[in-house]
Amino acid sequence: MNYWPLAGIALVVLGFALRFNPLLVVAVAAIATGLLAGLDVVAVIEALGKTFNDNRYISVTWIILPVIGLLERYGLQQRARALIEGVRGATMGRLLVLYLLFRQVTAALGMKDIGGHPQTVRPLVAPMAEAAALKTHGELDEDSREKVKGMSAATDNVGLFFGEDIFFAIASILLIQGVFESYGYPLTPLQLSLWAIPTAICAFLIHGGRLLAFDRRLGRPAGKERT
Amino acid sequence: MITLEWLYVLAGIVFAMWAILSLRDITNGKRFGNAAFWGLLSVSFFLGGQLSDFANGVLVLALVGIAGAGWLGRSDPPTTGLTERLGLSEALGNRLFLPALIIPLTAVIGTVLYNYTPLGETGLFEDRRETLILFGIGVLFALGVCLAWLRPPLLAPIEEGRRLMDSIGWAAVLPQMLAALGGVFALAGVGEVIGEIAGGVIPENSIFIAVVIFALGMAFFTIIMGNAFAAFPVMAAAIGIPVLVEQYGGNPAVIGAVGMLAGFCGTLCTPMAANFNIVPAALLELKDQYGVIRQQIGTAMPLWLCNVAIIYIAGFLLWS
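If you're matching them up, the sequences are chains Z and C in order. The working numbering puts the first residue of the first sequence at 1, with every later residue one more than the last. The working numbering puts the first residue of the second sequence at 1, with every later residue one more than the last.
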């Protein structure tokens, strides 16, 4: 067996670690992998072009930006903050736990497109989380604000990943079913989606617990964390 | 029938307008780079289907060249200031949320109606693409509502969109680029090599260690490919089915479902899953491009352990 194509993976890891431009890293790794596997340059460029073209549907979602940008021009982020400031007892931890639950439950019901980073995290969830954190902890340093925003995006991902598989008509469940069927093990999508529930509960407890702990930690003045 | 091609034309128009406005924006020192980058994407959306694979490949290399050379800059089109926004947000109130909600609601309600009512029999949308097409319709609908209600200057939607697009920059095409890398990896047989290595390190007579290696392989291969979908067929063929199901008699439904979720833990940890991990960092204007991943690792690791435990307990101990 030819192990050389694995060098392409090493290039990706090295390129990301050294923080070269990721597009450049990916293109170099693709060409190197293809050449090491014995393909010629033209074939590699053709493969790159064909799959890039076949996957245009991934980038089509950017057409949402004019709407989000326009609403931000008229104060959407400020509105999101004001809404949270008006709710008594709203803390960042509780807010994000609630969003986690909302994202998991709606994804489990097949509504995975209800959230997302351009749709909800940037215009709504992140500003709300920041406002709630400011409300409880007062001014935050830049490092803490970055962490609050990062945690908002992380919560969207965790909620989506560990909710969507409970819905039986989703691509990953159909993929599992297809793979097992091709080896002679017929499974129903419902059987598979039921077994996504234990992990979903673990995800809610682990990430939810981390969100509340993160909120408590933010409250401590900088420096005390280490002692 | 409304097909994905219609959506590509719409995206082509949007990117073309961003390219033209970038070119005219003399305040951006790198305006030619921006115009070329968004212009090439517009070409890809309009003509990608007609161009040869090689021409598309050259287009990809040109995009990479522009980004790699650092020719993309951030623009700052004129917009409202913070105090103005505070005033507008006060005046317009919570109704501001409604247009934002139109888009996901159109996509979700439309998909449900299309799939569970006789509407689906009309064959209005391309098969399996209805959610994405409905998303596009939702965008147009929301935009129409905003224009009628807020009456912004004519170019405002495109200029505000351009501001966000430029702040994301090259990261916007990284997910699509990684899918292309996946295509080359598949062609080069990377999956089979990894499957063989993973299959080779299984010791005799230890169900638990076999479960750990299966779950580790899922997470690790997902970290490399950025996608659990690519890892699953490989790991199922190397360990999941021959060892866990056939040799040790485990429950196939648990091994399949939870094995995939062990892979999802890997997705939380990798820059290769760019649309979940790198794009949001750019979208939220974080200084650290790994700022989202950093917050996720603490959830991914204990959750991966839970998945190992669930496969071992539910797939073997409770099953036999």
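Do not rely on the hints blindly, as some may be mistaken.
Covered stretches of chain Z, going by a simulated chain C footprint (3 or more residues, C-beta under 8 Å) [to be verified]:
id : segment
1  : 47 to 57
2  : 88 to 97
3  : 132 to 140
4  : 172 to 181
In short, the hints are calculated from the structure, not lab data. Virtual Cβ for every residue (Gly too), placed ideally from N, Cα, C.
Status of the hints after comparison with the structure:
Check on the segment 47 to 57 of chain Z: 11 of its residues sit with their Cβ under 8 Å from a Cβ of chain C, so the three-residue criterion for coverage holds. Three residues within the 8 Å Cβ limit are the bar, and the segment 88 to 97 of chain Z against chain C gives 0, so the coverage statement is violated. Using a Cβ-Cβ cut-off of 8 Å, 0 residues of the segment 132 to 140 of chain Z lie near chain C, which falls short of the minimum of three, so the contact claim is violated. A stretch counts as covered by a chain when three or more of its residues have a beta carbon under 8 Å from one of that chain; for the segment 172 to 181 of chain Z and chain C the count is 7, and the coverage holds.
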